[in-house]
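Protein chains: 2
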Amino acid sequence: MSRIVYVNGRYLPYGEAAVHVEDRGYQFSDGVYEVFAIHNARMVYEDPHLDRLERSLGELRMAPPMPRTALKVVLRETIRRNRSQHGLLYLQVTRGVAPRNHAFPEATESSLVVMAQHTPPYDMETVNRGLAVITIPDIRWKRPDIKSLSLLPNVLGKQQAVEAGAFEAWQVDDGGMVTEGTHSNAWIVSEGGELITRDAGKAILDGIIRRALLDMARSEGIRFKERAFSVEEAMAAKEAFLTSSSSFIKPVIRIDGRDIGGGKTGPLTQKLIGLYAEHLETLGPLS
Amino acid sequence: MSRIVYVNGRYLPYGEAAVHVEDRGYQFSDGVYEVFAIHNARMVYEDPHLDRLERSLGELRMAPPMPRTALKVVLRETIRRNRSQHGLLYLQVTRGVAPRNHAFPEATESSLVVMAQHTPPYDMETVNRGLAVITIPDIRWKRPDIKSLSLLPNVLGKQQAVEAGAFEAWQVDDGGMVTEGTHSNAWIVSEGGELITRDAGKAILDGIIRRALLDMARSEGIRFKERAFSVEEAMAAKEAFLTSSSSFIKPVIRIDGRDIGGGKTGPLTQKLIGLYAEHLETLGPLS
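Note that the protein sequences, when read in sequence, are chains A and B.
Residue 601 in my numbering sits at position 4 of the first sequence, and the numbers go up by one each step.
Residue 879 in my numbering sits at position 282 of the second sequence, and the numbers go up by one each step.
Errors might be hidden in some of the hints.
Which copy is meant is left open, because identical chains are indistinguishable; a pair holds if it fits in one copy or across any two.
To be verified - Below are the EDC-like pairs computed for lysine to aspartate or glutamate, each with C-alpha atoms no more than 20 Å apart in a straight line:
| no. | residue 1 | residue 2 |
| --- | --- | --- |
| 1 | 868 | 878 |
| 2 | 799 | 788 |
| 3 | 868 | 771 |
| 4 | 835 | 656 |
| 5 | 739 | 770 |
| 6 | 868 | 853 |
| 7 | 835 | 878 |
| 8 | 835 | 875 |
| 9 | 822 | 878 |
| 10 | 739 | 644 |
| 11 | 861 | 829 |
| 12 | 822 | 856 |
| 13 | 861 | 812 |
| 14 | 861 | 742 |
| 15 | 822 | 706 |
| 16 | 868 | 817 |
| 17 | 739 | 853 |
| 18 | 868 | 613 |
| 19 | 822 | 788 |
| 20 | 861 | 648 |
| 21 | 822 | 644 |
| 22 | 799 | 875 |
| 23 | 861 | 643 |
| 24 | 868 | 656 |
| 25 | 799 | 853 |
Calculated from the structure, these hints are not laboratory results.
Every value quoted in this text rests on a predicted model; they were computed, and no experiment measured them.
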């Protein structure tokens with residue numbers, strides 16, 4: 598598959614898409630990113646993602662690479678040039694190129710990379726099959742609320758999951774409470790039928806699908822609570838699932854080898870998947 | 598200054614030294630590094646650095662980019678082509694280029710970048726002047742013993758130091774104990790004249806100069822202890838200093854605005870600086 602990648606002002610063939618070795622993203626993970634779902638050639642939740650990007654940049658005092666309106670043009674043009682129908686749009690901003698030194702450089706221009714990844718469209722059958730997760734200690738830095746490139750612990754955690762035959766690893770803080778997955782938010786449905794996901798403090802990344810789902814629950818009258826839950830509580834849950842822009846909503850039917858909800862996708866999870874699928878169909882045309 | 602950078606098998610002019618946007622170092626900080634001091638065109642403590650590199654790679658289950666003997670040739674050739682007399686040699690290894698996915702890719706070749714940075718030679722007068730440090734919470738991930746590219750918290754900490762008019766920030770764990778600086782190890786001399794630096798567990802990076810200094814202390818009969826010390830203990834210390842391959846030994850004469858040892862470089866610090874300078878002169882020729 599030939600692809601076009603936007604790199605600092607130019608649309609380049611995939612093989613030529615390169616950045617300087619002293620880009621601070623490469624030497625210091627001094628940068629942030631966003632991943633947009635593309636559905637029928639449209640970005641899903643474009644502005645919420647761009648809001649969060651601006652928050653991440655602000656927390657790190659990093660200059661936006663360009664105004665939002667211009668950035669939207671680049672995003673659309675990358676979709677167009679790649680003829681993307683379904684998949685992901687990956688955007689990365691770093692503090693730019695400067696001679697290696699931990700402190701912020703005096704004056705650099707932020708680097709911007711945008712690329713598309715094709716994936717099969719959202720498939721209800723696969724989604725409904727359900728997945729396994731494992732639990733691992735959360736060894737990340739104390740600001741996972743910033744969507745930064747400091748992802749090495751996430752890489753190691755995901756790899757652990759894969760080697761255990763699981764899809765994702767739920768990270769557990771020092772107090773035994775689940776924070777989130779290595780690339781997704783974690784949810785359970787309690788004994789009492791309440792939807793539960795960790796509150797969006799500094800311990801987790803406030804996922805875009807996470808927020809969208811809370812909005813849906815609100816408008817559908819589904820009871821939910823944003824609070825920490827323990828591994829034990831998850832093990833005893835009626836249902837469990839995970840969310841992210843690349844995973845949407847995926848049922849979790851096994852945690853550390855133990856069946857959750859009888860090892861089947863639960864009714865509330867199924868309902869939310871349906872609501873999300875409906876939402877996808879309401880997206881406006883790519884403008 | 599025109600420079601030559603080694604990038605994956607080629608010696609390139611600085612301006613052309615680039616890596617692919619999907620190099621896992623750029624997207625996930627999935628890589629490790631080393632910084633060698635160059636003194637009179639020779640690497641200082643070459644093998645200890647390469648030992649540590651191999652340890653970091655092993656901890657992350659990352660393949661070495663080439664055997665040590667070949668790597669030594671690349672390091673020497675980079676020094677030679679840059680006519681480096683004094684400065685730093687920076688080496689970075691990442692898990693290579695692969696389509697973005699947190700888990701380890703099936704088969705990639707590790708990326709290798711080596712570059713030189715010129716600096717003025719070790720200058721006793723500047724060194725003896727002494728520096729200020731501030732203390733900040735240690736917000737890093739739980740494996741700073743691995744010399745990884747996940748350096749964003751270090752970047753933020755160093756920037757805080759610079760803005761406070763200090764050279765370095767000493768990071769403090771949840772128990773109020775100093776771990777280390779953002780790019781150097783932290784040392785104090787206790788009331789009783791004992792040299793103290795944090796033990797090399799998982800809370801700090803085991804610095805090469807740190808280890809060399811402990812060896813010197815051992816052979817010189819200087820009393821030392823590897824243990825955690827609190828900010829209060831550091832404030833009350835007779836002397837303080839920091840070490841790293843780029844800083845060597847630098848006296849710390851102010852912590853959070855308070856003078857340490859009367860705001861002057863202490864005698865033990867001075868002695869260690871002298872011993873280190875002597876060691877530099879004993880280095881063999883670049884082979």
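Right, here's what the structure says about each hint:
| no. | hint | in the structure |
| --- | --- | --- |
| 1 | 868 - 878 | within (16 Å within a copy, 73 Å between copies) |
| 2 | 799 - 788 | neither (27 Å within a copy, 39 Å between copies) |
| 3 | 868 - 771 | neither (33 Å within a copy, 43 Å between copies) |
| 4 | 835 - 656 | neither (37 Å within a copy, 38 Å between copies) |
| 5 | 739 - 770 | both (11 Å within a copy, 12 Å between copies) |
| 6 | 868 - 853 | neither (25 Å within a copy, 56 Å between copies) |
| 7 | 835 - 878 | neither (29 Å within a copy, 70 Å between copies) |
| 8 | 835 - 875 | neither (24 Å within a copy, 69 Å between copies) |
| 9 | 822 - 878 | neither (27 Å within a copy, 66 Å between copies) |
| 10 | 739 - 644 | neither (26 Å within a copy, 34 Å between copies) |
| 11 | 861 - 829 | within (19 Å within a copy, 56 Å between copies) |
| 12 | 822 - 856 | neither (23 Å within a copy, 50 Å between copies) |
| 13 | 861 - 812 | neither (25 Å within a copy, 60 Å between copies) |
| 14 | 861 - 742 | neither (31 Å within a copy, 42 Å between copies) |
| 15 | 822 - 706 | neither (42 Å within a copy, 46 Å between copies) |
| 16 | 868 - 817 | within (10 Å within a copy, 73 Å between copies) |
| 17 | 739 - 853 | neither (25 Å within a copy, 23 Å between copies) |
| 18 | 868 - 613 | neither (44 Å within a copy, 53 Å between copies) |
| 19 | 822 - 788 | within (13 Å within a copy, 53 Å between copies) |
| 20 | 861 - 648 | neither (36 Å within a copy, 49 Å between copies) |
| 21 | 822 - 644 | neither (25 Å within a copy, 55 Å between copies) |
| 22 | 799 - 875 | neither (31 Å within a copy, 48 Å between copies) |
| 23 | 861 - 643 | neither (32 Å within a copy, 56 Å between copies) |
| 24 | 868 - 656 | neither (36 Å within a copy, 43 Å between copies) |
| 25 | 799 - 853 | neither (26 Å within a copy, 26 Å between copies) |
Of the hints listed earlier, those the structure fails to meet are numbers 2, 3, 4, 6, 7, 8, 9, 10, 12, 13, 14, 15, 17, 18, 20, 21, 22, 23, 24 and 25, in rising order.
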